[in-house]
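Q: Sequence:
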Amino acid sequence: MMYFKQTFQFLFFPVFVMLFSCTTNEPTIIQLPDTTAPSGYIVSPLNGSSVSGNTSLQVIAIDNEEVDTVYFMIKSQSDNNYRNVDSTTNVSNDIWQGSWNTQNSEWVENENYFITFKAIDLVGNTYIAAPVIVKLDNLDDEAPIGYIKNPITGQTVNGLVSIEIEATDNKAIQYVSIFINNEIKITHLSEPFNYNWNTELEQDDLVYSIYAVIVDVDNNRTTIPPISVTVNNQLPIDVTPPTGALTSPPAGSTIFGNASIQVTAADDQLVDYIEFYIDGDLDGTYDCNGPSCSASYDWNTTTEFEGEHVIQAILVDGWNNSTVLTPISVIVDNIDQDEIHPTAVITEPASGQTISGNVLVETLVNDNLEIDKVEFYINSQLVYIDSTAPDYNYLWNTDSLPDDENYVISIIAYDEVGNEGPSTAITVHLDNYDNINPSGLIMYPYAGQILSGQQTISIFAEDNTSIDSVDFFINNALVYTDFVEPYEYDWNTEIEFEDANHIIGSIVTDMAGNQFEIPSISVFVNNIPNDNVPPTISISNPVSGQTVSGTINFTVNVDDNVGIAQVEFFIDGYSFGVVTEEPYSYLWDTSSNIGAHGNEHALSAIVMDTAGNTSFSQPILVIVDN
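Residue numbers for the sequence shown follow the numbering used here, so the first one is 2 and each next one is one higher.
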């Protein structure tokens, strides 16, 4: 989005010159020819994404008068020239859309491709957009993913236990098999991937291992790491439903906006969840997972009709015993009771930004009901009022204003009943003369990437006027200068030091001599086969179900075919430390965490090898008793 905003501000509208006749003394208007090229940016696909099949191509293309034609151009990383692949259709306003059939034989699998477009206006002015880079991936080599949703490792179970598997794939799941103690129990060809395990047929007070195997339609396979549970069928069966009350809002009250529905619940063992119903329809669910629960549910009444509505709540415990609370009636009145002020934010330009030419002041405004208008102020002077939803913008012509000065922009949003919502003012600097540095970035390769063979270094560069040159540096030495888009350099990595980091840098120079040094990146040259083997990891201390106290040594065992880069430790899903060398352990002060999650805490870890391959440990559950 930023590229569009920076480009749009330099659009110029038709210029008219007034001449006076020698005989009539009346002005004659002469329209100068249109020399302003279109501008725009690529909406889809996103830079750095993977594409396959019939890929949608979408761009924004704008002009001071009218864009006539848009063409998509695509080239591979190894090509020197772009190929026109499709003429687009103007679907609405400035949006142009086309498609790219990536399955044609001319396109190479797992190759990186540059996508750009050419926009031509009615008089032939031409614009070529900055490219995006995508990877072609028509063959499914991505393994499915999944986890065991229920039960959790370290849990004590009894009776009929629902083993629930969550499984997803980039295409589709072929089947899911569920194992207990290495014995297959069931294979599902479709969701839900569940198995009702009758633990009463098993021996009590033993630990059982549960895992699952997921296979997608292309036979990619994933084994979900096993969890451990203990069977104990001596626990009493819970037949007592939970109790509770619907405490807010009061029955018969008038509400508006976001209304808070509050419920209290308690159970002799466990309150599992609470369901909230509006007029008999399920509107939301609140997870409790404790012997008592105070739930608050935000109901957006602005989407409901004005008048009477019925609120109801159902309490469910861990044994699926349920209690239906007595329903209440309330009156929704969002018209007469609206005292909520709108919110208003200036999104473009940014505070502190240097601007020039025509500047599009963009806003983000919101209200519980409807926005009536937005007022735009420059240096506290009202300059424009926009009453057209949903985009409240102001095109600000700065050409006639004093240059090299700061200007304060602010807005006030008004809703339908007159509530005001002023924004935070921003300050911008006006500079209509070209002392603006160009900008750019290294599109390819990526920082930290492992490279081999011949590689094309691709630079994206832009300027408020035009680019003069782009210099390429390897390890701080100038190796090439490019004067024409696309700005690329073919780098033979085989002549560089092997198994070493190399620094890629670039300097962009515009026609006024302004320069921008693109932040350098480091890449690793490896012309031998890459390491694609992920490391292994397991938690060695503490063990699942263990009771701990004080400060303990959270330790993992890791292994890799090449080498370990780091291990990151997590407690209850939060990162607590990264260790880059042996021993891979973290000293955990268990007393600092009591209260946030009760006495039970989930421990896990992630390991990354020197090639960037990662693996996740099987989480464990421990009990803190200080």
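Don't take each hint at face value.
Stated by the list, open to error - Simulated crosslink set (DSBU-like; lysine-lysine; CA at most 35 Å straight-line):
(1) K186 with K172
(2) K186 with K76
(3) K172 with K119
(4) K119 with K150
(5) K186 with K136
(6) K150 with K136
(7) K186 with K150
(8) K136 with K172
(9) K136 with K119
(10) K76 with K136
Treat the hints as calculated values from the structure; they're not laboratory data.
Q: Give a verdict on every hint.
A: Results for each hint:
| no. | hint | verdict |
| --- | --- | --- |
| 1 | K186 with K172 | 26 Å, holds |
| 2 | K186 with K76 | 51 Å, violated |
| 3 | K172 with K119 | 33 Å, holds |
| 4 | K119 with K150 | 50 Å, violated |
| 5 | K186 with K136 | 40 Å, violated |
| 6 | K150 with K136 | 33 Å, holds |
| 7 | K186 with K150 | 17 Å, holds |
| 8 | K136 with K172 | 17 Å, holds |
| 9 | K136 with K119 | 21 Å, holds |
| 10 | K76 with K136 | 12 Å, holds |
In summary, the numbered hints that this structure violates are 2, 4, 5.
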